[in-house]
Structure formats: C-alpha cells, structure tokens
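With chain F's structure known, arrange chain R on it following the hints.
Protein chains: 2
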Amino acid sequence: MTARYLLVAALFFTHVLSTVAQHTAPYKSTPSEVVTLASKILKEDRQIFIHVPKRDSSNLNKRFPVLYLMDGESHFDMLAQYADYLGRWDVEAIPPMIVVGIVNTKRTRDLTPTESITNYFGKPDTAAVSWMKPSGGNKAFLQFIRDELMPYVNTHYKTQPFSIFAGHSFGGLASVHCLLTQPNLFDAYIAVSPSFWWDNDYVLKLADKTLKPGTTLTKTIFYSDASEGVADNSTYHTNLLKFDALLTEHAPKGLSHQYKYYPAETHMTSPVVAYFDGLRFIFKDWKSR
Amino acid sequence: MTARYLLVAALFFTHVLSTVAQHTAPYKSTPSEVVTLASKILKEDRQIFIHVPKRDSSNLNKRFPVLYLMDGESHFDMLAQYADYLGRWDVEAIPPMIVVGIVNTKRTRDLTPTESITNYFGKPDTAAVSWMKPSGGNKAFLQFIRDELMPYVNTHYKTQPFSIFAGHSFGGLASVHCLLTQPNLFDAYIAVSPSFWWDNDYVLKLADKTLKPGTTLTKTIFYSDASEGVADNSTYHTNLLKFDALLTEHAPKGLSHQYKYYPAETHMTSPVVAYFDGLRFIFKDWKSR
Numbered sequence: 000m001t002a003r004y005l006l007v008a009a010l011f012f013t014h015v016l017s018t019v020a021q022h023t024a025p026y027k028s029t030p031s032e033v034v035t036l037a038s039k040i041l042k043e044d045r046q047i048f049i050h051v052p053k054r055d056s057s058n059l060n061k062r063f064p065v066l067y068l069m070d071g072e073s074h075f076d077m078l079a080q081y082a083d084y085l086g087r088w089d090v091e092a093i094p095p096m097i098v099v100g101i102v103n104t105k106r107t108r109d110l111t112p113t114e115s116i117t118n119y120f121g122k123p124d125t126a127a128v129s130w131m132k133p134s135g136g137n138k139a140f141l142q143f144i145r146d147e148l149m150p151y152v153n154t155h156y157k158t159q160p161f162s163i164f165a166g167h168s169f170g171g172l173a174s175v176h177c178l179l180t181q182p183n184l185f186d187a188y189i190a191v192s193p194s195f196w197w198d199n200d201y202v203l204k205l206a207d208k209t210l211k212p213g214t215t216l217t218k219t220i221f222y223s224d225a226s227e228g229v230a231d232n233s234t235y236h237t238n239l240l241k242f243d244a245l246l247t248e249h250a251p252k253g254l255s256h257q258y259k260y261y262p263a264e265t266h267m268t269s270p271v272v273a274y275f276d277g278l279r280f281i282f283k284d285w286k287s288r
Numbered sequence: 000m001t002a003r004y005l006l007v008a009a010l011f012f013t014h015v016l017s018t019v020a021q022h023t024a025p026y027k028s029t030p031s032e033v034v035t036l037a038s039k040i041l042k043e044d045r046q047i048f049i050h051v052p053k054r055d056s057s058n059l060n061k062r063f064p065v066l067y068l069m070d071g072e073s074h075f076d077m078l079a080q081y082a083d084y085l086g087r088w089d090v091e092a093i094p095p096m097i098v099v100g101i102v103n104t105k106r107t108r109d110l111t112p113t114e115s116i117t118n119y120f121g122k123p124d125t126a127a128v129s130w131m132k133p134s135g136g137n138k139a140f141l142q143f144i145r146d147e148l149m150p151y152v153n154t155h156y157k158t159q160p161f162s163i164f165a166g167h168s169f170g171g172l173a174s175v176h177c178l179l180t181q182p183n184l185f186d187a188y189i190a191v192s193p194s195f196w197w198d199n200d201y202v203l204k205l206a207d208k209t210l211k212p213g214t215t216l217t218k219t220i221f222y223s224d225a226s227e228g229v230a231d232n233s234t235y236h237t238n239l240l241k242f243d244a245l246l247t248e249h250a251p252k253g254l255s256h257q258y259k260y261y262p263a264e265t266h267m268t269s270p271v272v273a274y275f276d277g278l279r280f281i282f283k284d285w286k287s288r
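Sequence lines, in order, name chains F and R.
Residues 0 to 288 (numbering that gives the first Met the number 0) make up the first sequence, in order.
Residues 0 to 288 (numbering that gives the first Met the number 0) make up the second sequence, in order.
It is worth saying that the hints were derived from the structure and are not from the lab.
Quick list of in silico lysine-lysine cross-link-like pairs, DSS-like style, CA-CA up to 27 Å:
1) Lys252(F) to Lys241(F)
2) Lys283(R) to Lys241(R)
3) Lys27(F) to Lys61(R)
4) Lys53(F) to Lys53(R)
5) Lys27(R) to Lys105(F)
Restraint-style ranges between C-beta atoms, simulated for each label pair:
6) Pro150(R) to Lys105(F): 46 to 52 Å
7) Thr265(R) to Asn60(F): 26 to 32 Å
8) Pro150(R) to Asn183(F): 55 to 61 Å
9) Ala244(R) to His22(F): 42 to 48 Å
These numbers were taken from a predicted model, which means no experiment stands behind them.
Glycine included, each C-beta is placed from N, C-alpha and C at the ideal position.
Looking at chain F on its own, in the form it has when it is part of the complex (with noise of 0.2 Å):
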C-alpha cells in the first residue's frame, strides 16, 4: 500500500515537473495613474483615476476624447477596459479614449441634486447618523468637475474636445442632473439606473420643467435601467418609462437618446452591458478611417 502510494506520488510529482514552468513574470496591462488633486472648491483633496490609451508610436501627438466617470473606484476598471478593448484597431467600435475615474469620498454629498432625507421608499430617513446625510452638493461637485478637474486633465493630457460624463445610480441621477443644469459641460451623458426617486423624483420633475417642446439640445444621452423596479414593486422602472416618454414627447431640437431596459440584469451587473451600450450608441455614427 505504501510502496504503491509512494509510486503514484512519483510519477505524479515527475509529471508535474515535467511541465513547471520556465518562467514566472508579472503580466501587464496598460498602466493608468492615481492623482490626488487639493480641491479648493470641495476643500478636500480626491483622489482621481486616470487611464490613456497605449501610446501609439506613430502619431505621438495623437488627441483623444475622454470619459469622466463617476464612483470610479467601482467602474473605472470596467470603462478602462472597454477603452482598451472597443477603441482596438481590429475591433475599432468606438475611438481610444481617455477614462477619468473619479473616486468618492462623500457620494451623496456630491452626487444629488438637493438635500433631502425622503429615502428610497418615500420615507424620512431619520437617524442619526443616516446614509442620506450630507446631500444636495451636486452643483459644487459639477464645477469642481468644470474648474478643477477638467483643466487639469486638459492640461496634463493630449485630450480633445469631447468628453462624455457617466454614471449609475446616484452618478446616472448626476449625469442627468448635469445634462438639465449645465448641459455644455459635457458632449455626451450617461445614465445607467439613475436613482429619479431622489427628492420625490425631483430630477425627473426638473426634466419636465426644462425641456420644453421646441428647445434646443445638441447633446447625446443613454440612459438604463434593470430589474430594481421589478424587484422591489419601485418606481424605478416606471420613473425611466417617464423619463423616455419626456424626451421622445418634448423632442428636444439636437437632442439624440436611447433607452434600453434589462430585466435580467440587477443593479449591479446591468452597468456591464449598459456601459458598453452607451458608448456604443455614443459612437454609433464614428468611424476609424
């Protein structure tokens, strides 16, 4: 029994070192960058995710349309891999791309639009120390985002004059608020699930009063939603049929729009396809050559 145990381990332990490797490296993937900028507007400093695409020894001098994307420490390796991958010169769907992930410290602080307690089920959120609190920062957020952020990037990067602004949930509510509030801060806006619940769907609401029939809005927007109004019995899903019918209805001049729903998805796994559809739909009319 010994004897053949110890023949088994022999012939198992030859073969695997028949195979051992030659040779172990570590594996790299295009590097990004974590800069801290001291935010005079948030009086704090944050921390900012930065990926370029590979540097293309043919035209050094190459410029690039960047992504500012929202709760980058959830999503910044996603949205850097599609970069990569979509922008590839054998897949060639959308052009490489700059993606700036912009990492929380305060989320809802900055990413509402108003300051409220109503929480997600239409109820005060009262304690006392409660997730809801601080909010209504949003409009500080966007011009750190417009006065700070931006001319660094713009001036420590070979960018070009296109930059989109993605986000889910409370960053898809961002997104939006952005698009109605600021819209030429951004060429392109993403918003996958936005939380429109926020306020007594005070974005939503917003929209309406904005975007009146006959405005002009030369501006591109996804937005998305999955299983969350299924789910829960939520407005969620009833919120972004609104918010689609608004923009179809009001028909904004310029304005160019898609919705897709996932009801297989949940909150969590939908930003998977829903950023690839995104800029899918954003770059939909670009091409390489």
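What follows is chain R alone, placed relative to chain F:
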C-alpha cells in the same frame, strides 16, 4: 496686446497651479501573472496569463473555479475584469474565479479540428504561405491543456474542481469540439461565434453524429453569434441556428444550453456581451450564501 496676453497667461497659470496635483502614483489593479510553460506535447514554450481573485484575508484557503480562455492575448483583460467585477461581494453574479488565458503561437493549428484548406468562402486557399496552414492540431492542443496546463494550474493555484472552457471564433469552434470529443475535460463551455464553417461544417456534422437522442451529457454550454452571417451573406448565422436546433431536438440528457444572437454586434464587439451572458448563464443557479 502683450500685457493683456501676459495677464491672461498669468491668470491661466495661477488657475492651473491652484489645482495642481499633490501627488501622482501608479494605479494598482488586481495583479496577474505570465507563466511560460515548456510543453513537451506541443514541443514549444507556451505563455499563459493567470489572474487570481483578490486575497480574501478571512479565508486564505478558499478555492476557486477556473476559466480556461483561448486567445489569451485578445480577451484576457476582459475576462479578468469580469471575474473581478461579477465576483465582487456587492455584485455576486458569479463566484470569484481564476482566469487562465492561453496565448496563441500557431492559432489555426491549435484551434482547428482537422487539416483543411477550404476557406471561409468555401474555396481552397492555395496561397504558398496560407494563414490556414498548419491546421488540425486541436486534439494535441486539448492534450496539452489536459496533461500539462491543468496539472500545472491545479498544483500552483487554489483551484476548485469546476472549470470552464471559453473561446471566440476558432476558439469557439475548439470549445464545441472539446465538448463533443472530450466532454469531461470541462464542466461548462462558452463558444462565442464559433467558426462552424471550418472544413465544410466538420464540427456541425460531428455534433449531429455524436449527440444522438438519448445521449447523456451533463454539461453546460453557451453559444452565440453576431452580424457575421448577415454582413457577408454567409452560413455563419444559419450554422448557429442548426447547432441550436440540433441540441434542442436531440436533447442530450443533462445538457443545459443557451443560444444568443446579437445582430447589432460585430464579430469583434460581440465577445463583450457574449462572455458576460455566458458567465451569467453558467452560474445562473449559483448563490453565494
């Protein structure tokens, strides 16, 4: 004019300096390794990319399913990112996974089941230096995976006895070929736009012969195609429909299969959604808790 220019320049630089980065550092993503294996079976060195889930300090002995991916140089970053994201505690669509990307040396040789010079258009490729030559080495390639790569991975990494074989185009063909000829090599298979056209639909005919009604095949397979067949008026799409009909009608016992058609995607963009949908399908019944 000069004074005014200097004033503008001064204001500009003051502004830029006021938002200067305090600090720039390299971005760190979950690291991967490059292992070089000296294969006796293939008589050459093979580069393998290996991505392991983030170290879970609460469970250092945790073991993981393994995804073996063909065309490592093309799709490893994508699958490593999907494994990280979809396996995250707040996403939980799939278990955290090890991703093993096999880098090509002679792609046509390794991924095709037969020697053939009948090209995509059904004509003999008679070029002196044909991209189709050599071909027909998939059996040896699967032997390399079984007898050299898998033992290496199982020895050096914390693997679970659940593995997936995933490929695109010729890699999709190789994935189906493996399911038909060595089904027990893997537990689940992903075939994104498999090149069924190879050698006058060799693998499709083999499927018809192999998967007779009443056969037992307790495996999972996801397969898909995109606009290929429409774009070039070829049999690409009808071949996928035939394969799907065959699996549905012959209905091997225990076989779980899903087919997705992405008419809006190209041969090169569809892997983004197909690999995601494939992983979602394979782990549809997986629960983390």
